[in-house]
Amino acid sequence: MQLGGRKYQIRVFSHTVQNRKHYGAVLVPEGANRGNSPVVLELHGVNARYSPFDIAKVKTPRLFGDNRSNPIIAVPSFRGNTLVLEDKTFVSEGSPADAWDGAADDAIAFLNLVTSKVTEADAGRISAFGKSRGGTVALLVGVRDKRIRSVVNWAGPSGWFSNMGTFGWSLKEQVRWGLWEKWKPGRGWGSASQFIDWFLTDSIRSQKGSLKIVRHKILASSPLYFLDSLPAAQFHYGLNDGGVPVANAKALKKVLKARENTASKTSFHIHKNAGHDQPYPKAYRLSRDFMIEQFSQHRSSGDR
1 MQLGGRKYQI RVFSHTVQNR KHYGAVLVPE GANRGNSPVV LELHGVNARY SPFDIAKVKT
61 PRLFGDNRSN PIIAVPSFRG NTLVLEDKTF VSEGSPADAW DGAADDAIAF LNLVTSKVTE
121 ADAGRISAFG KSRGGTVALL VGVRDKRIRS VVNWAGPSGW FSNMGTFGWS LKEQVRWGLW
181 EKWKPGRGWG SASQFIDWFL TDSIRSQKGS LKIVRHKILA SSPLYFLDSL PAAQFHYGLN
241 DGGVPVANAK ALKKVLKARE NTASKTSFHI HKNAGHDQPY PKAYRLSRDF MIEQFSQHRS
301 SGDR
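Under the working numbering, the letters of the sequence shown match residues 1 to 304, in that order.
Keep in mind the hints are simulated off the structure, nothing from the lab. Don't take each hint at face value.
In silico DSS-like cross-links for lysine-lysine, where the CA-CA straight-line distance does not exceed 25 Å [unchecked claim]: (1) K117 x K146; (2) K265 x K57; (3) K146 x K172; (4) K7 x K21; (5) K282 x K253; (6) K88 x K57; (7) K182 x K212.
Note that the coordinates shown come from a computational prediction; the quantities given were computed from them, not determined experimentally.
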């Protein structure tokens, strides 16, 4: 497959995550040598329909183009999601509503497969990259797995308790309204209907869930509270983003500034004329240069 001016060999793998069958794709650039290619774990976003993800839409090839550092791209299909490769579809088992904490577990499980099965991969040079939900999951895997040497987050929600209010309403107020009107994903306004599906629906249906369990799930999906373990990271947010407000970036920056061990390894780019989509070519160039710099600093596996 030709992507971003470079040829890739596509390998689709199946594996088991928590007793459920999952899929993922690995894009290996033409000419990759054994154990010598860095890895980008590209993590895709989510919408109210849990739409299938087409492998041809990965962003990493466009970031790197024909750059000599062109990495292997690992694309996990999260639980309940569908991966598309030309005329073939691969459906991972599980609930797509476990879209944050669960997706991070899925990404790490797929990375385990990649480092053991893809001989061209350099396990000491791995970066996690994603936009929106993918950006949040990139942060979560970055703090959970020491193999991740760097993270690039495009417009990922950082904290679900306080940073996702829109249209002048807090998320709490939106969710209260959504529960009253029984919003389904894609209905209502803001991110409230999806929030209900992600974090509250199972408890409502079973009538067995407690607020303690719900709060734990929300917390585990909010990287803002776990930044002490964050590797080198670059953040991109749009000042005019109506879906993921810039408050997410400001909260991250404030917490990281107070942590000397992480502040020096992070950089923020708040794009003035951008919304949820990051500006081309600026954000692409900055992200590429950051990952290349990180790849150059690590040549073998081990603790960071």
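Against the structure, the hints come out as follows:
Under the criterion of a C-alpha separation no larger than 25 Å, the hint pairing K117 with K146 is consistent with the structure, at around 19 Å. Annotation: proposed proximity of K265 to K57 is violated, straight-line Cα distance about 29 Å (limit 25 Å). With a C-alpha separation of about 34 Å, the suggested pairing of K146 with K172 is violated against the 25 Å cut-off. This hinted pair does not check out: K7 and K21 have alpha carbons roughly 29 Å apart, beyond 25 Å.
At most 25 Å may separate the alpha-carbon atoms for a hinted pair to count; K282 and K253 meet this at roughly 20 Å. Annotation: proposed proximity of K88 to K57 holds, straight-line Cα distance about 15 Å (limit 25 Å). Proposed proximity of K182 and K212 is supported: the alpha carbons are some 22 Å apart, at most 25 Å.
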